[in-house]
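There are 2 protein chains.
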Amino acid sequence: MHVGVFGTGMVGKAIGTKLVQLGHEVKMGSRTANNEKAAAWVKANGARATQGTFGDAAAFGEMLFNCTSGMGSLDALHSAGEKNLNGKVLVDISNPLDFSKGMPPSLFVCNTDSLAEQIQRAFPHANVVKALNTMNCNLMVNPSLVPGEHDVFLCGNDAGAKTKVKEILTSFGWESPIDLGDLSGARGMEMILMSWIRLMGVYQSPNFNYKIVR
Amino acid sequence: MHVGVFGTGMVGKAIGTKLVQLGHEVKMGSRTANNEKAAAWVKANGARATQGTFGDAAAFGEMLFNCTSGMGSLDALHSAGEKNLNGKVLVDISNPLDFSKGMPPSLFVCNTDSLAEQIQRAFPHANVVKALNTMNCNLMVNPSLVPGEHDVFLCGNDAGAKTKVKEILTSFGWESPIDLGDLSGARGMEMILMSWIRLMGVYQSPNFNYKIVR
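If you read the protein sequences in the order shown, they are chains A and B.
For what it's worth, this note's numbering labels the leading residue of the first sequence as 1, then goes sequentially.
For what it's worth, this note's numbering labels the leading residue of the second sequence as 1, then goes sequentially.
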């Protein structure tokens with residue numbers, strides 16, 4: 001499959017690299033067509049890895065991953081161009097973390113709204129699926145980094161889009177993603193971050209995850 | 001130990017009953033001294049169970065449990081009387097759920113503040129410890145209701161108060177409570193509710209819990 005990945009940070013690189021390893025063709029998108037971090041990633045990942053602008057990556061992909069920082073996500077997606085997003089599955093991994101008031105960060109949207117819903121409203125013809133935002137990026141693409149069973153959540157308004165994302169998650173190693181329903185489930189998924197940050201402080205490591213036991 | 005339990009709902013009854021079973025003397029407090037639900041609970045729980053006003057329960061207890069609904073917690077605690085709370089361990093189990101705008105509820109405080117912190121600011125000489133708010137009340141006092149290992153969190157500003165609460169949690173069956181640090185950890189603990197509510201909808205049951213796997 002052709003996949004566009006927005007963002008050249010740790011999350012974008014982890015997702016992009018895993019997708020290339022799984023045989024997909026991946027274009028990493030950023031603000032500029034000759035981003036140094038994207039170029040280094042392309043060089044390290046062979047012929048199936050390419051780079052370009054957000055618009056290039058969006059036009060290229062059948063499925064798109066938003067791996068930009070939450071504060072910049074809407075700008076990045078506007079830069080990608082609405083027509084390049086329309087009708088596509090847009091996996092939103094971003095978190096609405098606001099570091100501008102110091103540590104620990106707060107969320108710039110929560111409770112009665114979410115970043116995923118903001119993105120969906122801004123691009124009503126994209127099929128936004130929230131997923132993978134509740135864990136460290138290395139764990140996203142390698143669940144066995146944390147031993148035993150633990151969970152990944154997803155939610156979205158389009159059942160077909162969620163089915164496609166579940167398939168990708170399964171290919172990443174997630175056996176039974178938990179479907180939290182329509183995209184308003186992203187409120188809970190994003191608000192989990194406030195306990196995640198706290199737990200990272202307790203354990204001094206991002207290598208942990210939530211499991212729902214029942 | 002003498003314990004005061006504020007609230008005659010499911011949470012107050014579950015906590016009060018467990019404490020009586022463990023040999024503690026428990027006074028259940030409510031708005032009025034002759035609350036019918038409290039009277040029925042007293043009748044069912046023998047000589048170690050008594051009831052009274054919020055003030056009666058607060059004056060009685062060495063340790064206090066806030067099991068009132070979040071919307072009414074501050075009023076209930078003001079009614080209990082600051083002098084009856086001062087210097088005591090106040091275990092806050094409440095959640096800042098606002099049902100006034102329909103279902104699903106939102107939180108009336110979150111992100112940069114929490115209900116537990118509001119309570120601590122209102123009663124600066126009480127030792128507020130947030131605990132047990134991330135699960136159904138039957139599970140609070142009977143972890144084995146959900147099979148296998150899963151977690152309870154706590155946080156608070158006073159180390160001695162947290163030690164006492166950990167001992168109580170251990171007596172409830174929680175082997176290794178996760179200490180999230182000072183009381184600002186209550187933000188994450190209360191915000192977990194937004195995913196909890198969603199998961200209850202998915203499973204159509206409150207009999208589940210979070211486990212931190214690492």
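Treat the hints with care, since some could be wrong.
Claimed, not checked - Below, in silico cross-link-like pairs of lysine-lysine (BS3-like), each with a Cα-Cα straight-line distance of 27 Å or less:
#1 A:K166 with B:K164
#2 B:K43 with A:K211
#3 B:K18 with B:K164
#4 A:K211 with B:K211
These are calculated hints, taken from the structure and not from any lab test.
Status of the hints after comparison with the structure:
For the suggested pair K166 of chain A and K164 of chain B, the alpha carbons sit about 44 Å apart, so the restraint of at most 27 Å is broken. A C-alpha spacing of about 40 Å is found between K43 of chain B and K211 of chain A, which places the hinted pair above 27 Å, so the restraint is violated. The hinted pair formed by K18 of chain B and K164 of chain B meets the criterion: a straight-line CA distance of about 16 Å does not exceed 27 Å. Restraint check for K211 of chain A and K211 of chain B: the C-alpha separation of about 5 Å stays at or below 27 Å, so the hint holds.
This entry does not satisfy hints 1 and 2, going by the numbered hints stated previously.
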